[in-house]
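Working from the sequences, and respecting the hints, build out all of it.
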Amino acid sequence: MADLAKTPHVELIDVSRNFGGVQAVRGVSLAIERGTIHGLVGENGAGKSTLSKVVAGAISPSSGQLRVDGEDVSFSSPRDALNHGIAIIDQELALVPARSVLDNVFLGSESGQGGLLQLSEQRKRFDAVMERTGFDLDPDRKVGSLRIADQQKVEIIRAVARDAAFIIMDEPTARLTQVESEQLYEIINGLKARGTTILYISHFLEEVLQLADNVTVMRDGLHIRTGPAANESSQTLVTAMLGRDLELRFPDRKLSDPDADPVLEVRGLSGVSGFEDVDLTLRPGEIVGMAGLIGAGRSEFARGLFGAERTTAGEILIDGEPVKIRSPRQAFAHGLAMVTESRKDDGLIMTRSIAENSMMPFLSEVSTMGVLRHGSEKARVIDMIEQLDIRTSGPQQVVRNLSGGNQQKVLFAKSLMRTPKVLIIDEPTRGVDVGAKQGIYELITELAASGMAILVISSELEEVMGLAHRILVMRRGRLVADMNIDVATEENILAAAFGTAGTVAA
Amino acid sequence: MRPDVLRDYGIVFFLIALFIAMSLASDVFLTSSNLRNIIDGAVPLGMLACAGTLVIIAGGFDLSAGAIFGVAAVVGAKICNSTGPEVALVAGVLTGAGLGLVNGILCTVGRINAFVGTLGTSIGYGGLAVALSGSGIVLISNESFGNLSATNLLGIKSSTIIFLVTAAICAFVLNRTVLGRHIFGTGGNPLAARLSGVPVNKTLAITYVISGAFAALAGMIVASRTLSVTGNTGTTIIFDALAAILIGGNSVLGGEGAIWRTMVGVLILSIISNGFNLLGIDPLYQQCVNGAIILVAVGADAWARRTTT
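If you're matching them up, the sequences are chains A and B in order. Each residue of the first sequence is one higher than the one before, counting from 1 in the numbering used here. Each residue of the second sequence is one higher than the one before, counting from 1 in the numbering used here.
Any given hint could turn out to be false.
[Claimed, not checked] Simulated DEER-style distance windows between Cβ atoms:
(1) B/V165 <-> A/F250: 57 to 67 Å
(2) A/K378 <-> B/L94: 36 to 46 Å
(3) B/T31 <-> A/H374: 32 to 42 Å
(4) B/V165 <-> A/R310: 37 to 47 Å
No lab work stands behind these hints, which were simulated from the structure alone. The beta carbon of each residue, even a glycine, is placed where N, CA and C say it ideally should be.
Shown next, in the form of structure tokens:
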């Protein structure tokens, strides 16, 4: 036992994880001491979630070694990790909403004999866990009827019920109110007092500094440093999280005319899905970048503007004329186009061809009385394939069989098939390789130079800074900063995004 | 490449093999009158299956087409008796389209799952058909109604021609029209389709209307053959139609598929049925064989997908 206290509870030795060609985690070595709260911070895509999933057995490392209590382990499933006392509470809660609290807590670890549940035994176990955690939850309530904060408690009870001594929490407060967050901090400190180790991942730096004993900073899949939280501040963490990838060059931006009449004006747009009172002005030839953390409401705003999500307030003017946009169809009709966030989820119809995907919004232009003119469609698509340099065997190739970069170009082709006045681009280069990225940056710059007004939403800060004339920052659904590119720095963008602006300025 | 070809056209090879096997096993099989019988026997099944393919590709599912088939047969018979065959035909098809529209509304803006929604309407429409028929047989007094199926055009029955035209229309809609593109988009990725300006609810609803209209036409063709109808006409045919769609290799997940696949499925089921007949095998076993073929065809498709992607 004396020895156990000295060996780290969980140790990673030179752990890497690749996804296709992308190295999400690169050679991370890290020791997490027993009975501590260990913070893990980094920008979007720094590799935090991947790393935590490696520890939780949800994904296996490409290389490297994992140790628990000084012994080498290799997990092939979350169940393996659980058997070593490691549980994860994911960003997306993994509960069965239609079942009771009790059923959820013991899902997969039911008390039973020969396939029959021993309900009284389960109740006893439940009461024991409630005593250990000090929670008060009705075991018979349906989980779906609980508030998010209570659902989270169910996940915590579940981890404790399985004797998890190591609990990973990935952004647990992202969807909680201030009061609920503070209750969660108490719970976490209570778990620590009982000897549980917590790996705590959060975008909210103040929260991490307040809770954690040690903090690890990651950037681009690399372990930057680990040290006592007492030695860190928001500023030092932000500085450590920054980092420039010099492989990419951004094309020169043409100046846009600041006095040109705006092509798009948005005033006070609010929507049910999490954005409030957002203003936006776009002039011809201007690229406006929109930065913020994942979940800050940027994509929701874009979809609201594009008529794909309900808005509750605000007005939209195109060329000075007020317009109503209630569906993407109307958005296209008003000269808007959108490159959506995710090719697979909301962008492309993977089972269909390049031609079908790219002409989808504008079929009326290649049809007569609803009957397609295949010849003119083909000509338009071939033109676009050449213009965007899509590497393909032809317009009939099924999109699923293209590389990520070429699929992304098909997404652009769809938006450009009829030259829009305003182009909204949500994550221009997600999941494409460096070469294709360069091509997409050049395309965006050329489009702006030709007079198109462009809104670029990106979680990659350097992308926003490299492309935009002006940068907006969103945080928790609201616009919190609007700065010209010549005054924008990574520090003040991140400070606005993380809500540490006050401390950075001071 | 080979597994791809096998995946895409495996079911065609099966049809060819079945055809050759039947030709060898029975002297009668490969006669022109038998082949014409096979096609003409497949008319109601084939019409339901072709129109149902549009629904499935759009991401829906129409369990109620069999019941609509029955309602339209009864409505057509009654109106034919009271007015005339032409009016009956139009009224029947409109009835089918209207009932299809109800399905379409329930399963889109009504947000009801397609299986549940059309199971519900299937039961409801089935009851309607029995009620309209007065729980008995409706005899069609105007014999000219029989011309709908029995007219001979260049040696082919009019019912067969209506079926082939139906298949051609469905294939044309899918491959050559804006609606067809919208159908594939709606079934393949409704979110992406909507963000591309496709009216996804309207598109899906239209496929239910088409399914209802052609089911109605099929119901009246069957009524015109015997000049008598009961409300229960068509209660089981929907399962054969769905079986034909799936055997042909159309994906139940939507977004993929083709009318030729459905036609292959229809032919396989019809040739098997014909084979039981010609070879004098107890038709009781036919259901078992059909069931086994569906499971093999759909299972093989799932496994092929697993290994290629």
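Now the hints, each set against the structure:
Under the hint 57 to 67 Å, the C-beta atoms of B/V165 and A/F250, about 59 Å apart, fit the expected range. Between A/K378 and B/L94 the beta carbon distance is about 38 Å. The supplied range of 36 to 46 Å therefore holds. Checked against the given bound of 32 to 42 Å, the beta carbons of B/T31 and A/H374, roughly 40 Å apart, stay inside it. Between B/V165 and A/R310 the C-beta distance comes to about 44 Å, which sits within the given range of 37 to 47 Å.
Going down the numbered hints, you'll see the structure goes against none, and every one checks out.
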